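Residue numbers (the working numbering), protein chains in the order written: chain A, 1 to 337; chain B, 1001 to 1337; chain C, 2001 to 2337; chain D, 3001 to 3337.
Among the hints, a few may not be true.
Derived BS3-like pairs: lysine-lysine, alpha-carbon spacing no greater than 27 Å straight-line [claimed, not checked]:
#1 B/K1148 x B/K1092
#2 A/K27 x D/K3148
#3 A/K92 x A/K148
#4 D/K3027 x A/K27
#5 D/K3002 x A/K92
#6 B/K1027 x C/K2002
#7 D/K3148 x A/K92
#8 C/K2002 x B/K1092
#9 D/K3092 x A/K2
#10 C/K2092 x B/K1027
#11 A/K92 x D/K3092
#12 C/K2092 x B/K1002
#13 B/K1148 x C/K2027
#14 D/K3002 x D/K3027
#15 C/K2148 x B/K1027
Simulated from the structure, these hints should not be mistaken for lab results.
Please read all numbers here as calculations on a predicted model, not as lab measurements.
Residues per chain, in single letters:
Protein chains: 4
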Amino acid sequence: MKNDLLQVGVIGAGMIGALHARNIARKTQGAAVAAVMDVDSERAQVVAADCGAQAYTDAGALIADPAVDALLIASPDAFHAEQTLACIDAGKPVLCEKPMATSVADGERVLQAELAAGRRLAQVGFMRVYDQTHADVYDMLARGDIGKALSFRGEHINPWRENSSIEGAIINSLIHDIHSARWLMNAEISQVFVQWVRSEPDQPRSARYAIVQLAFADGAIGTLEWSGDSGYGYEIVVEITGEAGKARTISHSSPVLRRGHTASQGVSPDWPQRFAQAYLNEVQIWVDAIRGGQPTGPSAWDGYMSLVVAEACIRSVESGLPERAVGRQRPALYNPR
Amino acid sequence: MKNDLLQVGVIGAGMIGALHARNIARKTQGAAVAAVMDVDSERAQVVAADCGAQAYTDAGALIADPAVDALLIASPDAFHAEQTLACIDAGKPVLCEKPMATSVADGERVLQAELAAGRRLAQVGFMRVYDQTHADVYDMLARGDIGKALSFRGEHINPWRENSSIEGAIINSLIHDIHSARWLMNAEISQVFVQWVRSEPDQPRSARYAIVQLAFADGAIGTLEWSGDSGYGYEIVVEITGEAGKARTISHSSPVLRRGHTASQGVSPDWPQRFAQAYLNEVQIWVDAIRGGQPTGPSAWDGYMSLVVAEACIRSVESGLPERAVGRQRPALYNPR
Amino acid sequence: MKNDLLQVGVIGAGMIGALHARNIARKTQGAAVAAVMDVDSERAQVVAADCGAQAYTDAGALIADPAVDALLIASPDAFHAEQTLACIDAGKPVLCEKPMATSVADGERVLQAELAAGRRLAQVGFMRVYDQTHADVYDMLARGDIGKALSFRGEHINPWRENSSIEGAIINSLIHDIHSARWLMNAEISQVFVQWVRSEPDQPRSARYAIVQLAFADGAIGTLEWSGDSGYGYEIVVEITGEAGKARTISHSSPVLRRGHTASQGVSPDWPQRFAQAYLNEVQIWVDAIRGGQPTGPSAWDGYMSLVVAEACIRSVESGLPERAVGRQRPALYNPR
Amino acid sequence: MKNDLLQVGVIGAGMIGALHARNIARKTQGAAVAAVMDVDSERAQVVAADCGAQAYTDAGALIADPAVDALLIASPDAFHAEQTLACIDAGKPVLCEKPMATSVADGERVLQAELAAGRRLAQVGFMRVYDQTHADVYDMLARGDIGKALSFRGEHINPWRENSSIEGAIINSLIHDIHSARWLMNAEISQVFVQWVRSEPDQPRSARYAIVQLAFADGAIGTLEWSGDSGYGYEIVVEITGEAGKARTISHSSPVLRRGHTASQGVSPDWPQRFAQAYLNEVQIWVDAIRGGQPTGPSAWDGYMSLVVAEACIRSVESGLPERAVGRQRPALYNPR
């Protein structure tokens, strides 16, 4: 805590890592960036220089650096579990980008490590929790505005044509919606059924558009809609139907432009624009929580259960049938307080 | 009442006259078109043939035709007063397009003739009264949803570049908004102040855009916005501020199209599309009312008072100052029932 | 064709039958109501008197009446197939409310009868086809505004607490959405998967809310959302995702009321308000088409295929699994022209 | 610049002063609160303690404190001019809440003092410049999305019943809209005409609702709508009509709640909620600008010209007529760069 600032080490200096590093360095109270790691040493140096930090090319060395109080992992998905485990072993708090791992088995290892440590060290980067309109829906539910929740609907519309497989879409992108559903419905997902439209007609596992039908443990149901190439921009919608009404986020708040026979609003180009404030909030609240004791955001349990559901989705892709999502019992460490 | 149908004579076979004639012939219960008049005999014949009616080129002859029970006047504005007077003289009900006359003096003559007749024969074509969303706002006010009305706002956005003078815009187009304001606020307009932007920089009286500020006799205030060349389509908005809230019509109900970084709705191209149903309602209710006794829609009093306000607007154009709008006392014939 | 008007016999004088009868009698050009039948003779007489028609208590007698040119069936669902068959046997055009039958087997009988007659006589009352906002979405697709359709979403939100079974919800209510999906996507539904939330916790087949996941024969997918007791009103939404964009109907066009910390729009109380104009359009276009030769609206084929999909939904309810919807080949009589 | 942080002295520890002080202390990079002054010493101490600052009851002493690098004035309006002059005399940058003074004469004194200093020291707290949706409209205009601007409309809707005079409403509240209009239209206001509705029927200068009609020096026109007691919440709307289209801010971005026959969105309760982010942006950008040289936000010229227009409004209140707004020539110091 040099200069009374939480000294953060950032692992991964790509798009999202650089975003987090600059947010911490310039726009977060009570924290500084001590170190930035990337296997591409030039990339590490550019971001490190920009943040007044030291550059690393080895994640282990950065984690071990005594000048680093806490870690933010934004490396490729395949490294998330090992690096999070290393942070837990070092007894250092860690905010790991989603997914927490790329398999349930690896997620379970992280969970076990944290349970062995006996306290929360890890937080997973489900940043929608820190988005105002998602928080508004959460509050509406908590106030009872729509009564008991019966159904969840998530729309996750991406703008880019990327050559995604349906499995990749599930593990890397739909996992956001899986967490949203669990969080807002305050219930675990017990069954999933996946259908999708191919992006490449001759590649059966290529995915352009998908629908996941959900059943929750408490009897509620729902759907997730996912698009990998919307043709019009980026958009996230959450809609919850309750016994007394319905809450639905709106996605466009820009001015209305009337011109040429239409009245239109701009659509976000992509996630960095749409969630700019949520990423700032996420890091600020994480820093504050760590300085106050332990993280309060999405936990290793959330990371693990999201993977349990994601793997059930992949089984549904393979079987063409609904599949059960069954995780272990929730350890007491993760009980709501 | 041949075949138990109200036999209507239509004067003027231009765009709006032809619209009314076809609406009566094809889509109105209890009425038929007996005759169609236009100084352009070919135009009269085309519309007459289309409606199974007789063609005239002389308005007086059509009005006098004993086969004609009631008249609909859609001739150029300059003929409205004389033709309406002729109908009243003939003791035949008449629906005259707005404006009822082109001067207060002529409007007064129509009013006096009707008062002499001792019963309502004339209705003026302020068709917004028959538009659902205007009626919804009327009902909101009547129910007290927004409390006592404090302010009226009208937006009248035209799509076409026409070479209009500010005086022409007032008498022919803003007169709709003047009536809307009087009707929805249930009060007479007592003062107006007009400003406008020229369409032709070197022609001081050319008008592209105008704002009229209003004072009402009961202390309420308001504004009218008028555009003669919006660049994007046709749109009518009414907004009323009351002591307890605000009511505002929405103007776009078409599906939302997300495409190319925007979410958009189509704007009506022009008034025939926007008010298609209102024109149908207007004529049907007029026919029903006449068959039941006398017209119930906008009256000669409404036609006269709208002209009183319009002339005050023209005085404001000339003086550059607010001007009073002072009409005669409302005759008992026009008291609300 | 007495008085050159299509003389319609209306079977069933309940809510929807009375609505149709009065629409034909008062608001439709070129048609009259010749006869009204209901097993409740008083109910038949009230509606018949209102329409200047003769009252019947026997459907067969009404169908056989030579004064009756065409039939409109609005009896309970269980009678639809037999009565439609009787009309076809009598060689009289018939507009039958949905569903056309209550089983695929009965639907097949109607289809066979019409094929034996060799010409279209039956139309099914899928009135959304005549709703402006549905037509707008159809046009957007036809114009290519959103490119090739990838996914259909229908929301069918009912306001009333009725003691519906999931099977009843499918056959009587979701059948509207099944037809919407087939019509707008211009493709047959090939697979369905149904989940629902019970209205009565101890009655496994009671239904308050349901989601149906769809696959289409051309590779597109979709979902239907159905609510039997929304708590807030009636609402129908259609959303289609295409390769280039998305089209979504809006459901509220009433004025915005700002009051008490909210800005709100009214929601339709129920279907008669929401589809008032569509029911008028449906009957007018049906009358015009019959006078011109044969019906052009939703056909016996549409009625049959909707039942094929509905029965697949019921099998999915029973199996808890996705189920195939397989109908016969489309006869040439029903090819698009 | 102790600790390399801009040390800010906050004058006035009421609602807005406390908001600014806490924003600087907790949420602004590169600045700290060195001192807080209020004539109520307890109030000064509470806020000072909260910000780790020293408490003052004398503004002059605080301004003179060598530990204070820059000032933020949030005292009652009557003190703004004198305190801003004192800051300029001390050569310290100052961000003064609006209005910069309560008369043109006092505004002129501030302007002259800054001109004598030969560099920009003062910024006026027109925070809408830092609001995203206002910035979006500014950008639309700059990009030419709507062509040349013809008309400005501002809606300024306050939620509270305060016993305001029309003069007070103009100087303290409408001055925001006057600046908005000048800023977004990039033109000075040359004429105003004011009408209002009384809040107390027997007090002629009491104001509940007002409309100000505007003319701009470049020929454009406009209106300002002001409500002092909306009955429903707080709302700011800006709408600009151009030759090619129209841009209008939307004011509600919260989720849509369907419940009890309405679909509604929440309205901001008051300005602290609506402009929370704008106040943060304003202070951050001010701090960054001062550390980089001199302020870049609304200037003493903007403060002065807003007062010129406000005084013309007050003359219009007194005369019941349109009144000219004539300021001095813009000094070169305030030319756009």
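Open item on the list: For a quick check of understanding: which of the numbered hints are violated here, in increasing order?
Closed with: 1, 2, 3, 5, 7, 8, 9, 11, 12, 13 and 15
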